[in-house]
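J.: One letter stands for each residue in the lines below.
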Amino acid sequence: MKAVGQLRESMRKDRQWSFMYSLLDVELDLSLGVILYLEGVSVSFDGFKAIDNLSFYVNAGELRCVIGPNGAGKTTMMDIITGKTRPDTGSAYFGRTIDLLRLSEPEIAALGIGRKFQKPTVFEHHSVFENLELAMAGDKRVFPTLFARLTGEQRDRIHEVLGIIGLQGQTQRAAGALSHGQKQWLEIGMLLMQDPHLLLVDEPVAGMTHQEMDRTAELLLSLEGRHSVVVVEHDMDFVRSIAKRVTVLHQGSVLAEGSMDEVQNDPRVVEVYLGE
Amino acid sequence: MGLVRVTRDDKGGQAMLAILMIVAVVVPLLNLAVPASSPWHVSTYTVTLLGKYLTYALLAVAVDLVWGYLGILSLGHAAFFGLGGYAMGMYLMRQIGDRGVYGHPVLPDFMVFLNWQELPWFWHGFDLFWFAALMAILVPGALAFVFGYLAFRSRVTGVYLSIMTQALTYALMLAFFRNEMGFGGNNGLTDFKDMLGFDLTSDATRVGLFLASALALALGYLACRFIVTSRLGRVAVAIRDAEARTRFLGYRVDRVKLALFTFSAMLAGVAGALYVPQVGIINPGELSPLNSIELVIWVAVGGRATLYGAVIGAILVNYGKTYFTGAFPEAWLFALGALFVVVTLFLPRGIAGVVGMLRTWRRPRSSNGSQPEARG
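Chains as they are written, first to last, in our numbering: chain A, 1 to 276; chain B, 1 to 376.
Be aware that a few hints might be false.
[As the list claims (entries may be wrong)] Derived DMTMM-like pairs (lysine to aspartate or glutamate); straight-line CA-CA distance at most 20 Å:
#1 A:Lys119 <-> B:Asp194
#2 A:Lys244 <-> A:Glu62
#3 A:Lys119 <-> A:Asp235
#4 A:Lys84 <-> B:Glu243
#5 B:Lys193 <-> B:Asp127
#6 A:Lys140 <-> B:Asp254
#7 A:Lys183 <-> B:Glu243
#8 A:Lys140 <-> A:Asp195
#9 A:Lys140 <-> B:Glu243
Derived by calculation from the structure, the hints in this document are not laboratory data.
One chain only, chain B, in its complex shape:
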């Protein structure tokens, strides 16, 4: 019952999920079954790159849920992504064991370097995968819950809320830069060896992480669709369009916001946890406000309040970033800026909006689209 309701009337999402499924089958085959000499071979580097894009796409879906459907322009989602990443990074650090440079059986290298004698209390339990995985979801969720509880109860909205979320991620970044925090300071956590006993450098592990990212994206997408197609989703859009009116109808606006914001932060945490083993490092740079802003651009480029648009935007912009930073390293930021200006001026509904426009253009007498137009 659920799946039918969730995917019905979502042509873009169906296409996106179909492509995702094909990619998830074809890419691993081309990587593992085709010999490296063949022109059809997909390199492990590419597999990991695609896996990274998929985690970004999941992060963008999480942002679109609160921005596109609820009207909360969060400039702090990098914080939730980063916290999920740090939780996974802590697990990977503990897995290194005595294979570190200093060969200490328990303490990670940076702690030995800082002359610490024992593991800080918050590092306990992270040698267990299930614990780390749980924390990758719960810690971002808890932060979002506390932050959201205070902000939404005081009815902070609009640009003020955006500034506060940005301050949140900035403060967190500064805190993580400090060595005394116990998260590796400036250098962050890196030099990972294996995960669940699988060697992180092997092709099969890379493919496994890629598949896990694809699965997480598909499930996260469907979960968000479930929310936005429910009555709660319609209440969210009502809050976005006329908050006072929704409150007047008897809905607890602050609770709706809190629930969706927390859920979105948890999704971002999952994305971060899948991101870290693929890129092999997590450092405070991931928490920088700039990242949060970039990620809002992905969603804007893809098209707000469509969810699948966020996936398209995240993958396209990041592909562009990979290409430009390789081909014209100096031009990347200009390209990003130009992209944002062009999208804001000419494509207010992003790439997904262009698809919708083409469709109505071809069938001018079709009924009005059910896609709500988002507001910033």
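Bound-form chain A, shown alone:
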């Protein structure tokens, strides 16, 4: 049976003759309505299984929250999706056809998987507008950049994103002068400028005030439908305010998945959280 599987794999139309075309030219295939497939993924660091036979699917246009105690493998999962960490076994597909495990980090970023790290890094000496301009998708080679001028369309796009992240009034302010929350939004805006299909957002509300949390919730909800978003967050109140579907990770695999209410009433989840 194994041989048949291997043969089938080697004869797949979209993979055959892969040397003849760039992997990046492959279209994102969303015909089953699923944008991300992680199947049977395991990874261990020095014998410690950070991810253990994890299977995780994200639908196109979905806003998904991932919760779990410390060390459950949330960040490692993000690392696998963005190509930072290679799993020992398992497969990771972006759409039906794009094998993420065969791509490098920048290639994955270029395909449209954007990641926001926990600590916001914006260009402090540039204005908010310039930060978004630099993040914009486009030709990033040296000479085109030297002679690049903003088209009206690009300007509109930047203003649209400024509207989404609620920083219209701060366009010319230096990013370094923004509050912590505003920096987080600016960084989400910078991700949006790259027109990503899938956004991975790591702890977006850490260190935010309640008002800022509410604004962030609005912002993430407004992305739903146009982008697929995966949010990793500790703050339960925040997760409740945005989540339709929640995935609970525990010891590197999925413990429960469902609506917030279902998950909260799941005895295994209660045990994991209360047992800590």
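With chain A held as given, fit chain B onto it using these hints.
T.: Frame of chain A, contents of chain B only:
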């Protein structure tokens, strides 16, 4: 379109260019049209001194481009300056022809002295001005390209890169000290007679070189402004402030660095080529690491990441050097050291920063300045 974008929002640069233009008109007039007996007369010595300062200013602008805007603290720009200078020096040597001490029709004096029979291959072509001028730009550019390609691709940054650039100029200096290298060894190239048929000792030629230096400074300044006001300039500052983040956005950080570093080295080469005919000598001492460090001090004193600050710094520090080495020869190095300490402690943004501070002090509610604060 370009010039408007380049000079807009650059009050300091506008003032600097205006002063430069006035000086470029007034000084030659006072030198050539006013009789030597008049108190208004500017001596040819002063014209040449000013011309020398202007070439230093261009060199400082080149350093500020990579240090202030890209965060590369190059301690090797003296090498690029020196190579440009040597290219011009080789042309001037060939122009001496048979008027040398030994009267050899082709070989420069030092080669005759070393008993060489024919011109080394790399001296061919330097009897042509255009060739020498091209080499004064291309040779520093090529060295910077090869060096930068290897260094930036391996992601060498910060103090390690500074040390490597310093080693580069030091190694080059030691090589040029050797007689076998064919560049006049310890004594370098000197005893120049004329350039493009003009006598180098005449007042008019001196004024011409002074004007060429002023023009080169203005054009070099505008070219650097064009870069720093472009999106590439904003990418450069982004690299300076958060290199990994810039790479993550999809910019090829190593290529940006390589392009700007090479361009900066070419500017330094131009400065060196204009410097040599005015001072009349080029020797390996010009390549010494100490010169590179001094030149970083000019930029720091003037104010990093402003470009016009580099011009102010280069001229002021060198004027100070001329004055101190004349009035109190022993005190110069102490004055230079003290200057650097004072600037680092009290004026982290240099003289240009003081100007900016005064402006915001006068109008406390003005919008935040667009001048990025540089980091070392």
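J.: Quick one, are Lys140 of chain A and Glu243 of chain B close enough, alpha carbons at most 20 Å?
T.: holds, 15 Å
J.: Between the alpha carbons of Lys140 of chain A and Asp254 of chain B, is the straight-line distance 20 Å or under?
T.: holds, 12 Å
J.: Given the hint that Lys193 of chain B pairs with Asp127 of chain B, does the C-alpha gap stay at or below 20 Å?
T.: At roughly 13 Å apart (the allowed maximum being 20 Å), Asp127 of chain B and Lys193 of chain B satisfy the hint.
J.: Holds or violated: Lys84 of chain A and Glu243 of chain B, Cα atoms, limit 20 Å.
T.: At roughly 18 Å apart (the allowed maximum being 20 Å), Glu243 of chain B and Lys84 of chain A satisfy the hint.
J.: Straight-line Cα separation of Lys183 of chain A and Glu243 of chain B no greater than 20 Å?
T.: Distance ~18 Å between Lys183 of chain A and Glu243 of chain B Cα, so the pair holds.
J.: Are Lys244 of chain A and Glu62 of chain A close enough, with their CA atoms no more than 20 Å apart?
T.: The hint holds at about 9 Å.
J.: Quick one, are Lys119 of chain A and Asp194 of chain B close enough, alpha carbons at most 20 Å?
T.: This hinted pair is violated, its Cα atoms lying about 63 Å apart.
J.: Between Lys140 of chain A and Asp195 of chain A, does the CA-CA distance stay at or below 20 Å?
T.: Roughly 15 Å between the alpha carbons, so the hint for Lys140 of chain A and Asp195 of chain A holds.
J.: Hint check: Lys119 of chain A vs Asp235 of chain A, CA-CA at most 20 Å. Holds or violated?
T.: holds, 16 Å
In terms of the numbered hints stated before, the structure departs from hint 1 and from no other.
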